[in-house]
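Sequences and hints are given; from them, build the entire structure.
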Amino acid sequence: MTTSRIIDKSFAEIFFSQIISVTGGLIAGTFLAVFTNKLLFLPGMLILLPGFLEMRGSISGTLASRISSGLFLGVIKAERPNRRIISGNIIASFFLALCISFTLGVLAYFFSYFAFGIAEPKIIFVAVLAALIANIVEVPLTLFATLQIFKHGHDPNNIMGPFITSTGDITSILALLIALWII
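If you want the working numbering, it's the position in the sequence shown, counting the first as 1, plus 12.
Think of the hints as simulated: they come from the structure by calculation, not from any bench.
Just so you know, even glycine gets a beta-carbon here, dropped at the ideal spot from N, CA and C.
Treat the hints with caution; some may be incorrect.
Claimed, not checked - Label-pair ranges, simulated between beta-carbon atoms: (1) F47 x L110: 22 to 30 Å; (2) C111 x K134: 14 to 22 Å; (3) E66 x F122: 18 to 26 Å; (4) R92 x P62: 38 to 46 Å; (5) S22 x K89: 21 to 29 Å; (6) G41 x F107: 24 to 32 Å; (7) H164 x L85: 13 to 21 Å; (8) F114 x P152: 18 to 26 Å; (9) F28 x T74: 16 to 24 Å.
Stated by the list, open to error - No farther apart than 25 Å at their CA atoms in a straight line, the calculated lysine to any residue pairs in the SDA-like style are these: (10) K89 x A104; (11) K21 x G73; (12) K163 x F27; (13) K134 x V46; (14) K134 x L61; (15) K50 x G37; (16) K89 x S77; (17) K89 x V151; (18) K134 x F53; (19) K163 x L83; (20) K89 x L153; (21) K163 x S77; (22) K50 x W193; (23) K134 x L44; (24) K89 x I148; (25) K89 x S99; (26) K134 x L52; (27) K163 x V149; (28) K134 x L54; (29) K50 x P62; (30) K163 x I102; (31) K50 x L186; (32) K89 x G165; (33) K89 x S70; (34) K134 x L51; (35) K89 x R78; (36) K89 x D167; (37) K89 x I102; (38) K89 x F106; (39) K163 x A24; (40) K89 x P152.
Rendered as structure tokens:
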């Protein structure tokens, strides 16, 4: 394969994944605009929101990168994924999401308390529950998409970053709304 074909293929993969990312960002922003009144119902949500959205993309993006590296190194086969490696990465993703969301919830609680004098410990439970809900959706989606993209001859490293960012934003906002509704 010539260098120009590799560059053309990589450019096309990155270009279309960026289009998906922008579209996903618009969808996530629309959800955020429509449901802002629900999110503002609980003090500290605007403090929690940026970190929570960033966390989702970081954790799922790292999962996609690790799976992609395993596929390129031959440690993971796309047809028959190594269960031990996949399970370890999934458990690590859930553990990280729960720990970081708990920390974000505590920080949002303390900042709301010290800056505004509002003590609302529900924010911690909302953060943890939303992380659990978002991970239940995002982790299988990340795993499936990474394996399928690789099976079809594309480079998951070019595609998964923007894809995970956009799906993570949408999933995170919906998970926060569901967690608010439950709690």
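Hints, one by one, checked against the model:
Taken as a hint, the range 22 to 30 Å holds for the pair F47 and L110, whose Cβ atoms sit roughly 24 Å apart. Separated by about 19 Å at the C-beta atoms, C111 and K134 satisfy the suggested range of 14 to 22 Å. The hinted window of 18 to 26 Å between E66 and F122 holds, with their beta carbons roughly 19 Å apart. As the Cβ distance of R92 to P62 is approximately 39 Å, the hint placing it in 38 to 46 Å holds.
Take S22 and K89: their Cβ atoms lie about 24 Å apart, and the range 21 to 29 Å holds. The supplied range of 24 to 32 Å is met by G41 and F107, whose beta-carbon atoms lie about 30 Å from each other. Range check, H164 to L85: about 19 Å between beta-carbon atoms, so the 13 to 21 Å window is met. Distance hint for F114 and P152: a CB-CB separation of about 22 Å, consistent with the stated range 18 to 26 Å.
Evaluation of the 16 to 24 Å hint for F28 and T74 yields a pass: the beta carbon distance comes to about 22 Å. Distance check on the hinted pair: K89 and A104 sit about 20 Å apart at the alpha-carbon level, within 25 Å; holds. With a C-alpha separation of about 21 Å, the suggested pairing of K21 with G73 holds against the 25 Å cut-off. Our distance criterion of 25 Å between C-alpha atoms is met by K163 and F27, whose separation comes to about 20 Å.
With a C-alpha separation of about 22 Å, the suggested pair K134 and V46 falls inside the 25 Å cut-off, and the hint holds. Among the hinted pairs, K134 with L61 is consistent with the structure: their alpha-carbon atoms are about 15 Å apart, no more than 25 Å. Pair hint K50 plus G37 holds up; C-alpha atoms about 20 Å apart against a cutoff of 25 Å. Distance hint between K89 and S77 is fulfilled; the C-alpha atoms sit about 15 Å from each other, no more than 25 Å.
The straight-line distance between the Cα atoms of K89 and V151 is roughly 18 Å, inside the 25 Å bound, and the hint therefore holds. For the given pair, K134 sits about 11 Å from F53 by alpha-carbon distance, which is consistent with the 25 Å threshold. For a cut-off of 25 Å, the pair hint linking K163 to L83 stands: about 10 Å separates their Cα positions. Of the pairs offered as hints, the one joining K89 and L153 holds, with about 18 Å between alpha carbons and a cut-off of 25 Å not exceeded.
Restraint check for K163 and S77: satisfied, since their Cα atoms lie roughly 15 Å apart, inside the 25 Å limit. In summary, the hint linking K50 to W193 is supported, as the alpha carbons are separated by about 9 Å, within the 25 Å threshold. A C-alpha spacing of about 20 Å is found between K134 and L44, which places the hinted pair at or below 25 Å, so the restraint holds. A distance of roughly 23 Å separates the Cα atoms of K89 and I148; the hinted pair therefore holds under the 25 Å criterion.
At roughly 14 Å between alpha-carbon atoms, K89 and S99 fall within 25 Å of each other, so this suggested pair holds. Pair hint K134 plus L52 holds up; C-alpha atoms about 13 Å apart against a cutoff of 25 Å. The suggested pairing of K163 with V149 holds, with an alpha-carbon distance near 22 Å, which does not exceed 25 Å. With a C-alpha separation of about 8 Å, the suggested pair K134 and L54 falls inside the 25 Å cut-off, and the hint holds.
Restraint check: the Cα-Cα separation between K50 and P62 comes to about 16 Å, which is no more than 25 Å; the hinted pair holds. Of the pairs offered as hints, the one joining K163 and I102 holds, with about 20 Å between alpha carbons and a cut-off of 25 Å not exceeded. With a C-alpha separation of about 11 Å, the suggested pair K50 and L186 falls inside the 25 Å cut-off, and the hint holds. With a C-alpha separation of about 13 Å, the suggested pair K89 and G165 falls inside the 25 Å cut-off, and the hint holds.
Of the supplied pair hints, the one linking K89 and S70 holds, its CA atoms being roughly 24 Å apart against a limit of 25 Å. Distance check on the hinted pair: K134 and L51 sit about 13 Å apart at the alpha-carbon level, within 25 Å; holds. Distance check on the hinted pair: K89 and R78 sit about 13 Å apart at the alpha-carbon level, within 25 Å; holds. A distance of roughly 15 Å separates the Cα atoms of K89 and D167; the hinted pair therefore holds under the 25 Å criterion.
Distance hint between K89 and I102 is fulfilled; the C-alpha atoms sit about 17 Å from each other, no more than 25 Å. Pair hint K89 plus F106 holds up; C-alpha atoms about 23 Å apart against a cutoff of 25 Å. Distance restraint check for K163 and A24: the Cα-Cα separation of roughly 17 Å lies within the 25 Å cut-off, and the hinted pair is therefore satisfied. Of the pairs offered as hints, the one joining K89 and P152 holds, with about 17 Å between alpha carbons and a cut-off of 25 Å not exceeded.
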